[in-house]
Structures are given as C-alpha cells and as structure tokens.
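> Here's the letter readout for the chains.
Number of protein chains: 2
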Amino acid sequence: MLTKNKIKFVRSLRSKKERYSHNCFVIEGEKIVQEALNSNFEVDDVYALDSFDLSNDNIAMSLASKKEMDAMSGLKQAPGILAVAKFKNWGPIDLNKGKYILLDTLNDPGNLGTIIRIADWFAFDGIICSTTSVDVYNQKVVQSSMGSLFRVPVWYADLKNVIEESPLPCIAAVMKGEDFRGFSFPKSGLLLLGSESHGVSDELLSLIDSPVTIPRLGKAESLNVSVAAGILCQAFS
Amino acid sequence: MLTKNKIKFVRSLRSKKERYSHNCFVIEGEKIVQEALNSNFEVDDVYALDSFDLSNDNIAMSLASKKEMDAMSGLKQAPGILAVAKFKNWGPIDLNKGKYILLDTLNDPGNLGTIIRIADWFAFDGIICSTTSVDVYNQKVVQSSMGSLFRVPVWYADLKNVIEESPLPCIAAVMKGEDFRGFSFPKSGLLLLGSESHGVSDELLSLIDSPVTIPRLGKAESLNVSVAAGILCQAFS
Numbered sequence: 405m406l407t408k409n410k411i412k413f414v415r416s417l418r419s420k421k422e423r424y425s426h427n428c429f430v431i432e433g434e435k436i437v438q439e440a441l442n443s444n445f446e447v448d449d450v451y452a453l454d455s456f457d458l459s460n461d462n463i464a465m466s467l468a469s470k471k472e473m474d475a476m477s478g479l480k481q482a483p484g485i486l487a488v489a490k491f492k493n494w495g496p497i498d499l500n501k502g503k504y505i506l507l508d509t510l511n512d513p514g515n516l517g518t519i520i521r522i523a524d525w526f527a528f529d530g531i532i533c534s535t536t537s538v539d540v541y542n543q544k545v546v547q548s549s550m551g552s553l554f555r556v557p558v559w560y561a562d563l564k565n566v567i568e569e570s571p572l573p574c575i576a577a578v579m580k581g582e583d584f585r586g587f588s589f590p591k592s593g594l595l596l597l598g599s600e601s602h603g604v605s606d607e608l609l610s611l612i613d614s615p616v617t618i619p620r621l622g623k624a625e626s627l628n629v630s631v632a633a634g635i636l637c638q639a640f641s
Numbered sequence: 405m406l407t408k409n410k411i412k413f414v415r416s417l418r419s420k421k422e423r424y425s426h427n428c429f430v431i432e433g434e435k436i437v438q439e440a441l442n443s444n445f446e447v448d449d450v451y452a453l454d455s456f457d458l459s460n461d462n463i464a465m466s467l468a469s470k471k472e473m474d475a476m477s478g479l480k481q482a483p484g485i486l487a488v489a490k491f492k493n494w495g496p497i498d499l500n501k502g503k504y505i506l507l508d509t510l511n512d513p514g515n516l517g518t519i520i521r522i523a524d525w526f527a528f529d530g531i532i533c534s535t536t537s538v539d540v541y542n543q544k545v546v547q548s549s550m551g552s553l554f555r556v557p558v559w560y561a562d563l564k565n566v567i568e569e570s571p572l573p574c575i576a577a578v579m580k581g582e583d584f585r586g587f588s589f590p591k592s593g594l595l596l597l598g599s600e601s602h603g604v605s606d607e608l609l610s611l612i613d614s615p616v617t618i619p620r621l622g623k624a625e626s627l628n629v630s631v632a633a634g635i636l637c638q639a640f641s
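These protein sequence lines map, in sequence, to chains E and U.
Under this note's numbering, the first residue of the first sequence is numbered 405, with each subsequent residue one higher.
Under this note's numbering, the first residue of the second sequence is numbered 405, with each subsequent residue one higher.
Just so you know, the hints here were simulated from the structure itself, not pulled from any lab data.
For every residue, glycine included, the Cβ atom is placed at its ideal position computed from N, Cα and C.
Do not take every clue at face value.
If you want the footprint, here are the derived chain U segments under chain E, 3+ residues with CB under 8 Å [stated by the list, open to error]:
1) 513 to 524
2) 628 to 636
Capping the alpha-carbon separation at 25 Å, the derived lysine-lysine pairs in BS3-like fashion look like this [stated by the list, open to error]:
3) E:Lys490 to U:Lys591
4) E:Lys623 to U:Lys591
5) E:Lys544 to U:Lys591
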C-alpha cells in the first residue's frame with residue numbers, strides 16, 4: 405500500500421509551482437512510461453496496477469490499487485501506470501547552427517505537445533519557448549507529446565535575446581508574408597511561431613529576417629498553430 | 405429568469421443521443437455565436453449575460469444570470485454567451501468532382517475540429533467521416549473548429565461505399581507509401597486519413613489508388629493526424 409504522503413506528492417505535481425520546487429513531473433500510460441525508462445531522463449518512481457508486468461525491464465515498481473491510481477492520476481481515465489520523472493537539463497543552446505522552433509507565448513498545452521512531436525518527426529534540434537508560454541512539464545503537454553518530449557530539447561528564454569544573439573536567420577509565420585511555397589528555406593535557422601490568438605508580437609516581428617505565410621484558399625480565419633508548425637517544419641526540413 | 409427546463413434542455417445536449425433526438429447542438433463564445441448567426445445554420449436560442457450587446461444584430465436574446473450560464477455551459481469557463489443551433493442538412497455529396505477529406509474512425513474531437521478548420525482554410529469541398537468517428541456536433545469539435553463548422557460540410561457515411569462509388573481517385577496517408585513531395589496530386593480527389601492509433605483500416609487500404617507518406621527524418625512514432633491532414637491538404641490544394 406502506498407502512503408498517503410506519496411499519493412499527495414504525486415497529486416501535488418499537477419501544480420507548476422510544486423513541479424518546479426521538486427524538479428519533477430508525472431507521466432502516465434504504458435507506452436510513454438516505457439519511453440521515459442528507455443530515455444536519458446531519470447525516472448524516480450513507477451506505480452502500477454498488478455496487471456502491468458515490467459519485470460523484464462528490471463524496473464523497481466510499486467504496486468498500487470485501483471483506488472490509489474485513480475487518486476494519483478491526472479487523466480480522466482487512469483491508464484493504471486504512472487511514473488515520476490526528473491526534469492532534464494538540456495544544457496546550453498547552440499545558436500550557431502541547427503534548426504529550432506521558437507514559440508512566442510504559446511498557451512495551449514496540447515499545441516505544445518503536438519509541436520514537440522512535429523520537431524521530433526522532422527528532426528529539429530530543439531524548441532525555444534518564450535517564458536510566457538505554457539510549461540513543458542504540464543501533464544497535457546507531456547501526454548500529447550507522445551514520448552517526443554524525451555528526445556526533443558525544450559528551453560525557455562527571452563526570444564528577443566535569442567533572435568538578437570543568434571547568427572541564424574529568423575523566419576516567422578505571419579498572416580501577410582512571402583508565400584512559403586516559393587521561399588528558399590536555409591540549412592539552419594529559427595522558425596518563429598506566435599500565440600494562438602495574437603500571432604507573433606510586434607517587438608519580435610521587428611527582429612526577424614523573413615516573414616512567411618501559408619496561403620489561404622478558403623475562409624477560415626486562421627490555421628491551428630500546430631498545423632501551421634507542421635506545414636512549415638515540413639517545408640523547412 | 406430561465407426556466408429550469410430550459411437549462412436542463414441545454415445541459416442535456418451534451419449527450420449525443422439527446423442531440424440527435426432534438427437535432428440541435430450548443431455553441432459558446434461571442435465569436436462563434438456571431439459566426440453561427442451569420443451562417444446559414446438555423447439558430448434557435450441565444451442566451452447571454454447582460455454584458456453582451458447583440459442588439460445591433462436584431463437577435464432575440466434571452467438574458468441569463470451568471471449562475472444560469474455556468475449551469476448551461478459545457479466549457480470549463482463559461483464565456484457568458486451560448487446558443488442552441490439546429491443540425492444542418494448538407495444535402496447529398498457530389499462525388500464526381502471536388503476535394504474531400506475522408507476520416508476513418510477519427511476519435512478525438514479536437515482533431516476533427518482542427519481538420520474542419522484545415523478544410524475551410526484550403527477550400528476543400530467537405531469531409532466525410534466513417535460512422536465510427538466522433539460526432540461533429542460534440543461540443544469540443546464545435547469549439548475547436550472555430551466557426552469553420554458553419555462553412556464546411558461534414559457527412560457520415562460508409563467509407564467503403566464512398567470510395568467504391570466515387571470515380572475520384574483516393575489518396576491515403578500511410579506509414580509506408582510514396583513520398584508525398586514527389587506525388588502529383590490530382591485536381592479532384594479523396595484524401596483518406598486513418599484513426600489516431602490504428603491508421604487506415606486494411607479493408608479501405610485495399611480500395612485506394614495512391615498511398616502517400618510524409619517522410620520522417622527524426623524519431624517520433626507518428627505525426628498527429630490533424631498535422632498530417634494539414635501537410636497533405638496543403639500539398640493537395
């Protein structure tokens with residue numbers, strides 16, 4: 405049986421403040437827990453219903469009852485396996501080469517998770533979020549990244565400094581820019597995407613090298629930011 | 405003051421069964437309610453806090469208290485304006501020309517809403533969902549479509565019949581197909597996408613004309629289905 409304090413601790417990690425005071429976060433589901441164990445993230449604890457057998461993997465696992473799992477789980481339906489992992493220090497960003505996605509005030513956790521998955525698929529070197537963006541260790545981000553979180557470095561920084569200090573060209577997705585289909589994407593560069601509702605801030609727009617646009621043929625007011633990220637990362641890959 | 409029965413009715417529309425027995429659904433938020441009113445959907449009732457002023461639009465609106473709005477709202481935070489709209493009959497599908505997205509067992513409401521928005525952006529003629537897919541009038545679909553739902557026809561049908569009966573070529577997104585970047589997309593056609601976890605079913609795969617793939621450069625196991633839809637619809641547009 406798990407102690408009440410253990411359960412309380414896992415639950416407390418739903419709060420960003422608690423995550424950052426303990427430097428750890430929660431992951432749920434067999435596939436993503438396996439990915440965490442196979443990654444170079446440090447996994448502190450694994451809790452599971454007795455129907456899970458990870459014995460082949462030599463994992464120290466604590467058995468939990470259904471009631472305990474339900475109490476710990478942050479998902480609507482507890483998948484029955486949950487782990488607590490440590491934050492990863494990705495080290496300094498090498499802004500001299502590579503392909504990076506820059507996110508200016510991205511608020512929706514599902515979008516960040518999806519963009520991490522896109523970065524992983526198209527082999528980008530990492531994601532740099534404005535400090536005003538959603539926390540990468542928010543459980544919805546973790547779950548929607550489908551394990552890509554363990555492979556793609558995500559940093560938080562002042563994007564103004566990043567763009568100013570990097571010799572890499574900065575390409576931004578905007579509503580009225582050059583048609584991306586005719587744009588010659590560089591070998592290395594920064595791809596800047598704005599928030600769901602306000603796009604890229606004016607302050608950052610004044611610093612970019614190339615504004616690009618995905619032409620609209622129909623009537624939607626905008627594309628979802630992770631869909632725009634997918635289309636532009638594909639073109640940039 | 406609203407009657408208890410009105411509030412109960414609006415709440416009941418969270419259930420698919422109730423929606424289909426009354427042929428109506430709920431929309432929330434000023435922008436999307438405005439879009440509904442400007443569309444050729446029939447809007448039965450609009451409820452709003454007294455802070456909303458739609459008087460310019462000649463809309464019969466019922467005032468609701470914050471408590472009443474909270475009771476009716478299906479969202480975490482009630483935006484304070486809510487409408488009940490009638491289902492739209494989009495008429496028969498013309499399968500002889502045009503560009504259609506076919507969705508095989510798409511389960512996630514956010515993905516369907518995002519794909520409706522993509523279809524609207526790239527001016528596709530409509531979406532045909534397998535009958536096993538999530539309901540288009542599910543509130544999460546409605547909200548994440550950001551109003552595109554009022555412009556893009558969505559039908560439910562047996563996709564096997566659709567593919568067999570249509571003279572249009574069927575292109576399917578698969579893991580091991582032709583690189584979509586070298587593929588010559590036709591002028592009209594069906595773009596078939598599979599479910600989040602299982603892809604396109606074998607039964608349908610045996611009926612398609614062209615399997616296409618978005619090449620993977622990194623390590624993610626898959627792309628989110630709405631991101632794949634965005635990339636392929638862009639190429640097909």
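> For which of the previously enumerated hints does the structure constitute a violation, in increasing order of number?
3 and 5
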